[in-house]
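S.K.: In order, the protein sequences belong to chains V and A. If you use the working numbering, the first sequence corresponds to residues 2 to 195, in order. If you use the working numbering, the second sequence corresponds to residues 73 to 673, in order.
None of these hints come from the bench; they were simulated from the model. Ideal Cβ positions, reconstructed from N, Cα and C, are used throughout, including at glycine. Each hint should be verified, as a subset may be incorrect.
Some chain V residues well away from chain A (every beta-carbon gap over 12 Å; in silico) [what the hints assert, rightly or not]:
{"id": "1", "residue": "GLU50"}
{"id": "2", "residue": "MET81"}
{"id": "3", "residue": "GLU113"}
{"id": "4", "residue": "PRO116"}
{"id": "5", "residue": "GLY148"}
{"id": "6", "residue": "GLY155"}
{"id": "7", "residue": "LEU156"}
{"id": "8", "residue": "GLU157"}
{"id": "9", "residue": "ALA158"}
{"id": "10", "residue": "ARG160"}
{"id": "11", "residue": "GLN163"}
{"id": "12", "residue": "GLU167"}
{"id": "13", "residue": "GLU179"}
Quick list of simulated restraints, FRET-style, between CB atoms [stated by the list, open to error]:
{"id": "14", "chain 1": "A", "residue 1": "PHE273", "chain 2": "V", "residue 2": "LEU11", "range": "54 to 60 Å"}
{"id": "15", "chain 1": "A", "residue 1": "THR312", "chain 2": "V", "residue 2": "VAL10", "range": "54 to 60 Å"}
{"id": "16", "chain 1": "V", "residue 1": "ALA99", "chain 2": "A", "residue 2": "GLY304", "range": "19 to 25 Å"}
{"id": "17", "chain 1": "V", "residue 1": "PRO80", "chain 2": "A", "residue 2": "PRO559", "range": "19 to 25 Å"}
{"id": "18", "chain 1": "A", "residue 1": "LEU113", "chain 2": "V", "residue 2": "GLY175", "range": "33 to 39 Å"}
{"id": "19", "chain 1": "A", "residue 1": "VAL311", "chain 2": "V", "residue 2": "ALA159", "range": "37 to 43 Å"}
{"id": "20", "chain 1": "V", "residue 1": "ARG112", "chain 2": "A", "residue 2": "LEU533", "range": "41 to 47 Å"}
{"id": "21", "chain 1": "A", "residue 1": "ILE530", "chain 2": "V", "residue 2": "GLN37", "range": "22 to 28 Å"}
{"id": "22", "chain 1": "V", "residue 1": "ILE108", "chain 2": "A", "residue 2": "LEU292", "range": "44 to 50 Å"}
{"id": "23", "chain 1": "V", "residue 1": "THR8", "chain 2": "A", "residue 2": "THR512", "range": "53 to 59 Å"}
{"id": "24", "chain 1": "V", "residue 1": "PRO121", "chain 2": "A", "residue 2": "LEU507", "range": "57 to 63 Å"}
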Amino acid sequence: MFQELKTSVLPAVRLLLVLSVLTGVLYPLLVTGIAQGVFPSQREGSLIERDGRIVGSTLIGQPFSDPKYFWSRPSATGPMPDNAAASSGSNQGPLNPALAEAVQGRIDALREADPDNKAPIPVDLVTASGSGLDPHISPAAAQWQAGRVARARGLEAARVAQLVTEYTEGRQLGLLGEPRVNVLLLNLALDALK
Amino acid sequence: MSNAWMQFGLYALVLTLLAWPLGRHMAQVFEGNVPVFMRWLRPLERGIYRLGGVSEDENMSWQRYALACLLFNFLGLLVVYALARLQAVLPLNPAAMVGTTPDLAFNTAISFATNTNWQAYGGETTMSYLTQMLGLGVQNFLSAAVGISVLIALLRGFILRESRGIGNFWVDAVRSTVYVLMPLSILLAVTLVGQGVVQTFAPYHETQLVQPVEISQPKLGADGQPMTDASGAPVTEQVTVTTQTIAVGPAASQVAIKQLGTNGGGFFNVNSAHPLENPTPLSNFLELLAILLIPAALCFTAGMMLKDGRQGRALFASMAVVFVALLAVCFTAEQAGNPLFAKMGLDVQASDVQAGGNMEGKETRFGIANSTLWATATTAASNGSVNAMHDSFTPLGGLVPMWLMQLGEVIFGGAGSGLYGMIVFALVAVFVAGLMIGRTPEYLGKKIEAFEMKMVAIAVLVPCITVLAGTAIAVVLDVGRAGVANPGAHGFSEILYAVSSAGNNNGSAFAGLSANTPFYNTLLGFAMLLSRYWLIVPVLAIAGSLAAKQRVPETAGTLPTHTPLFVVLLVGTVIIVGALSFLPALALGPIVEHLQMWAAR
Numbered sequence: 002m003f004q005e006l007k008t009s010v011l012p013a014v015r016l017l018l019v020l021s022v023l024t025g026v027l028y029p030l031l032v033t034g035i036a037q038g039v040f041p042s043q044r045e046g047s048l049i050e051r052d053g054r055i056v057g058s059t060l061i062g063q064p065f066s067d068p069k070y071f072w073s074r075p076s077a078t079g080p081m082p083d084n085a086a087a088s089s090g091s092n093q094g095p096l097n098p099a100l101a102e103a104v105q106g107r108i109d110a111l112r113e114a115d116p117d118n119k120a121p122i123p124v125d126l127v128t129a130s131g132s133g134l135d136p137h138i139s140p141a142a143a144q145w146q147a148g149r150v151a152r153a154r155g156l157e158a159a160r161v162a163q164l165v166t167e168y169t170e171g172r173q174l175g176l177l178g179e180p181r182v183n184v185l186l187l188n189l190a191l192d193a194l195k
Numbered sequence: 073m074s075n076a077w078m079q080f081g082l083y084a085l086v087l088t089l090l091a092w093p094l095g096r097h098m099a100q101v102f103e104g105n106v107p108v109f110m111r112w113l114r115p116l117e118r119g120i121y122r123l124g125g126v127s128e129d130e131n132m133s134w135q136r137y138a139l140a141c142l143l144f145n146f147l148g149l150l151v152v153y154a155l156a157r158l159q160a161v162l163p164l165n166p167a168a169m170v171g172t173t174p175d176l177a178f179n180t181a182i183s184f185a186t187n188t189n190w191q192a193y194g195g196e197t198t199m200s201y202l203t204q205m206l207g208l209g210v211q212n213f214l215s216a217a218v219g220i221s222v223l224i225a226l227l228r229g230f231i232l233r234e235s236r237g238i239g240n241f242w243v244d245a246v247r248s249t250v251y252v253l254m255p256l257s258i259l260l261a262v263t264l265v266g267q268g269v270v271q272t273f274a275p276y277h278e279t280q281l282v283q284p285v286e287i288s289q290p291k292l293g294a295d296g297q298p299m300t301d302a303s304g305a306p307v308t309e310q311v312t313v314t315t316q317t318i319a320v321g322p323a324a325s326q327v328a329i330k331q332l333g334t335n336g337g338g339f340f341n342v343n344s345a346h347p348l349e350n351p352t353p354l355s356n357f358l359e360l361l362a363i364l365l366i367p368a369a370l371c372f373t374a375g376m377m378l379k380d381g382r383q384g385r386a387l388f389a390s391m392a393v394v395f396v397a398l399l400a401v402c403f404t405a406e407q408a409g410n411p412l413f414a415k416m417g418l419d420v421q422a423s424d425v426q427a428g429g430n431m432e433g434k435e436t437r438f439g440i441a442n443s444t445l446w447a448t449a450t451t452a453a454s455n456g457s458v459n460a461m462h463d464s465f466t467p468l469g470g471l472v473p474m475w476l477m478q479l480g481e482v483i484f485g486g487a488g489s490g491l492y493g494m495i496v497f498a499l500v501a502v503f504v505a506g507l508m509i510g511r512t513p514e515y516l517g518k519k520i521e522a523f524e525m526k527m528v529a530i531a532v533l534v535p536c537i538t539v540l541a542g543t544a545i546a547v548v549l550d551v552g553r554a555g556v557a558n559p560g561a562h563g564f565s566e567i568l569y570a571v572s573s574a575g576n577n578n579g580s581a582f583a584g585l586s587a588n589t590p591f592y593n594t595l596l597g598f599a600m601l602l603s604r605y606w607l608i609v610p611v612l613a614i615a616g617s618l619a620a621k622q623r624v625p626e627t628a629g630t631l632p633t634h635t636p637l638f639v640v641l642l643v644g645t646v647i648i649v650g651a652l653s654f655l656p657a658l659a660l661g662p663i664v665e666h667l668q669m670w671a672a673r
């Protein structure tokens with residue numbers, strides 16, 4: 002038995018070392034190298050530059066609360082919403098009273114910002130996303146907000162609705178995932194209108 | 073609704089179409105006939121043996137195979153522990169992470185060495201790039217290679233006759249890595265970067281928010297501690313936040329192998345719900361494929377190595393039947409949603425402009441269909457990565473992933489470990505059938521006798537006992553109950569889910585549970601060790617015992633194990649063991665919560 006152990010330890014140590022170099026150093030470096038060659042912007046996080054400064058990432062949501070902007074999905078990250086340095090969901094169970102309270106609070110805030118809109122609110126607009134960084138809302142949630150945004154900006158409703166349509170992505174390859182609207186890109190486009 | 077089923081159908085189709093050729097590829101690799109298009113990797117393989125000082129030709133007894141496997145895992149575990157503890161003074165740490173606590177390092181090292189990848193920490197707030205790459209990433213490869221090797225050794229038990237050995241652990245592990253895991257990972261990683269997964273060594277990005285946000289946070293005193301007012305309540309102050317810090321890192325390389333190796337440990341805290349870990353529906357589709365690809369392909373590998381493809385197809389069919397049935401339950405429950413939301417007057421109807429249903433904890437781009445497909449796949453396989461927060465699923469939607477883990481991770485299961493677990497259940501099935509007709513049971517041409525059945529009993533019972541006893545310990549102790557985040561039955565579900573996950577080497581979580589405590593790190597650490605190695609060692613013992621036997625010729629009295637009847641028998645065995653063991657516990661958690669939820673309507 003002792004002999005068995007002795008003849009197994011050394012190969013185990015040496016192979017762990019060799020395979021660590023292969024899978025823990027060479028492999029990530031190779032992937033990084035190829036990525037740099039083929040997808041240089043994606044590999045850094047798909048950052049958006051405007052006038053020489055970085056205003057965010059197309060893949061990372063930002064919080065909005067001004068009526069003139071489309072609002073993102075609620076975010077459960079702390080201490081601030083959409084904290085991309087510490088992603089998190091709410092992890093509230095379906096019967097947790099804190100969930101009901103949070104959802105009601107969000108409904109109230111949306112209603113207060115747009116008292117005349119009596120349409121039912123799409124569920125994704127008042128439920129926290131899984132990552133806390135969801136860059137998208139559903140097209141339904143965007144349409145629900147379009148009237149408010151148009152009024153706050155003094156724009157024609159049709160103009161804003163057209164912009165929403167323009168920024169609506171369908172299912173990928175016509176089939177995969179869900180239709181969605183990128184909130185940050187849509188808001189940047191709104192700001193660029195005038 | 074119909075779109076969801078089209079996506080499910082496409083997934084099943086592409087998975088099967090890819091699993092077949094990959095299965096054949098792996099059969100060739102492990103039989104020693106490396107396919108021509110990969111022969112240029114032979115020098116690399118030989119070089120690894122030379123540097124490792126091992127002989128390619130050694131045929132190991134099952135004891136020696138097991139010893140090599142355990143030693144290799146133990147050493148890897150030490151490396152991860154050391155990296156996590158020492159990361160503060162090691163390079164590649166731009167976010168200045170401090171060394172982890174001993175209990176977290178213990179838990180994490182076991183977790184990654186056992187292919188569980190339970191994460192009591194959040195990646196972007198705890199681990200340096202070096203720890204992720206050289207510790208966690210390496211174990212992602214090696215723990216998967218170990219699982220595949222053990223399966224191949226078990227298959228050899230059925231194939232070999234009167235043999236003292238069951239193959240060479242080093243060769244099996246190296247071939248898994250060089251010819252299967254690495255090429256697939258490189259391909260997947262680069263494709264994922266194209267979709268937007270980050271792969272960089274740069275520090276975290278600092279960006280400007282378009283609209284600054286007001287938050288209230290605890291005011292800190294001069295001593296750095298939160299201040300309290302005269303009545304002891306914390307004092308808060310209003311702060312305007314104008315920037316966003318975006319965590320990045322070498323994620324794509326890690327995400328690829330985390331999925332392919334059925335590891336599941338996320339680079340970021342929220343795993344594949346994170347837009348930089350899983351940015352698009354296409355990246356989601358590819359990652360989903362990667363979760364089940366190798367476990368599914370190994371069914372075909374088994375059929376080819378046994379020179380009886382029907383056996384592999386029967387195993388595949390048994391897994392697929394359970395998978396589809398439970399996916400339907402999970403999807404229906406989540407799309408029906410939380411009755412509370414409908415009561416509040418929200419629009420929860422699925423349509424062409426929204427996913428509807430229970431969107432708490434889910435991402436817009438994935439909706440209900442892809443979140444439930446993922447939840448089912450990741451717990452059917454012992455993957456454990458998530459793209460939605462299972463803790464916020466409806467009770468029945470959450471029951472499905474929990475029960476899939478409790479079934480013993482045999483519905484596709486882990487890379488290698490899923491199929492060797494399923495073969496263990498097949499031995500139970502032929503044993504039960506043998507009792508009914510009064511014949512010595514046989515499987516794949518080998519007699520199943522007392523020694524094998526004792527080992528089977530250990531392999532089936534250890535995970536069940538670990539889960540139930542571990543949950544019992546956690547709920548009777550204050551330190552266990554203290555971790556719970558949600559009140560009522562859901563809190564019990566959080567504990568049961570965590571121990572089921574660790575006790576079956578899955579790694580997914582009802583993430584509300586505060587698991588980064590000395591109590592949970594230790595309890596779950598031991599649960600992961602028990603269930604991994606108390607399966608591997610008995611399985612290798614079965615392999616050794618079977619390899620030493622002569623083949624029994626097939627006669628009219630042999631129970632065919634490739635027929636639909638046997639599929640029913642096998643599925644029945646898995647379901648009955650899983651139901652008998654866990655229904656009472658599930659009744660206290662998700663089932664009672666389900667009744668409460670619909671009664672409250």
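S.K.: Indicate, hint by hint, whether the structure satisfies it.
M.R.: Hint by hint, here is what the structure shows:
Not every Cβ of chain A is farther than 12 Å from the Cβ of V:GLU50; the closest lies at roughly 10 Å, contradicting the non-interface assignment. Interface exclusion of V:MET81 from chain A breaks down, the closest Cβ pair being 5 Å apart, not more than 12 Å. No beta-carbon of chain A is positioned within 12 Å of the beta-carbon of V:GLU113; the least distance is around 15 Å. Consistency note on V:PRO116: stated as away from chain A, and its beta-carbon is indeed over 12 Å from all of that chain's, at 15 Å minimum.
Chain A leaves V:GLY148 outside its interface by the beta-carbon criterion, the shortest separation being 16 Å against a cut-off of 12 Å. Under the 12 Å C-beta cut-off, the non-interface status given to V:GLY155 relative to chain A holds; the minimum distance is some 18 Å. For V:LEU156, the non-interface assignment is confirmed: its Cβ lies about 18 Å from the closest Cβ of chain A, beyond the 12 Å cut-off. Interface exclusion of V:GLU157 from chain A stands, the closest Cβ pair being 22 Å apart, more than 12 Å.
No beta-carbon of chain A comes within 12 Å of the beta-carbon of V:ALA158; the shortest separation is about 17 Å. With a minimum CB-CB distance of about 20 Å to chain A, V:ARG160 clears the 12 Å threshold, and the non-interface call stands. The beta carbon of V:GLN163 sits about 16 Å from the closest Cβ of chain A, which is more than 12 Å, so the claim that it is off the interface holds. The claim that V:GLU167 is not at the interface with chain A holds, since no C-beta of that chain comes within 12 Å of its own (minimum 15 Å).
A cut-off of 12 Å between C-beta atoms contradicts the statement that V:GLU179 is not in contact with chain A; the least separation is 4 Å. As the Cβ distance of A:PHE273 to V:LEU11 is approximately 33 Å, the hint placing it in 54 to 60 Å is violated. For the pair A:THR312 and V:VAL10, the supplied restraint of 54 to 60 Å holds, since their beta-carbon distance comes to about 59 Å. Against the hinted window of 19 to 25 Å, the Cβ-Cβ separation of V:ALA99 and A:GLY304 comes to about 23 Å, which satisfies the hint.
Between V:PRO80 and A:PRO559 the Cβ separation comes to about 24 Å, which falls inside the hinted range of 19 to 25 Å. Between A:LEU113 and V:GLY175 the CB atoms are about 38 Å apart, so this pair conforms to the stated range of 33 to 39 Å. In this structure the supplied range 37 to 43 Å holds for A:VAL311 paired with V:ALA159, their Cβ-Cβ distance being about 39 Å. Against the hinted window of 41 to 47 Å, the Cβ-Cβ separation of V:ARG112 and A:LEU533 comes to about 56 Å, which falls outside the hint.
Evaluation of the 22 to 28 Å hint for A:ILE530 and V:GLN37 yields a failure: the beta carbon distance comes to about 50 Å. In this structure the supplied range 44 to 50 Å is violated for V:ILE108 paired with A:LEU292, their Cβ-Cβ distance being about 34 Å. Distance hint check for V:THR8 and A:THR512: the Cβ-Cβ separation is about 38 Å, which falls outside the suggested range of 53 to 59 Å. A hinted range of 57 to 63 Å for the beta carbons of V:PRO121 and A:LEU507 is consistent with their spacing of about 59 Å.
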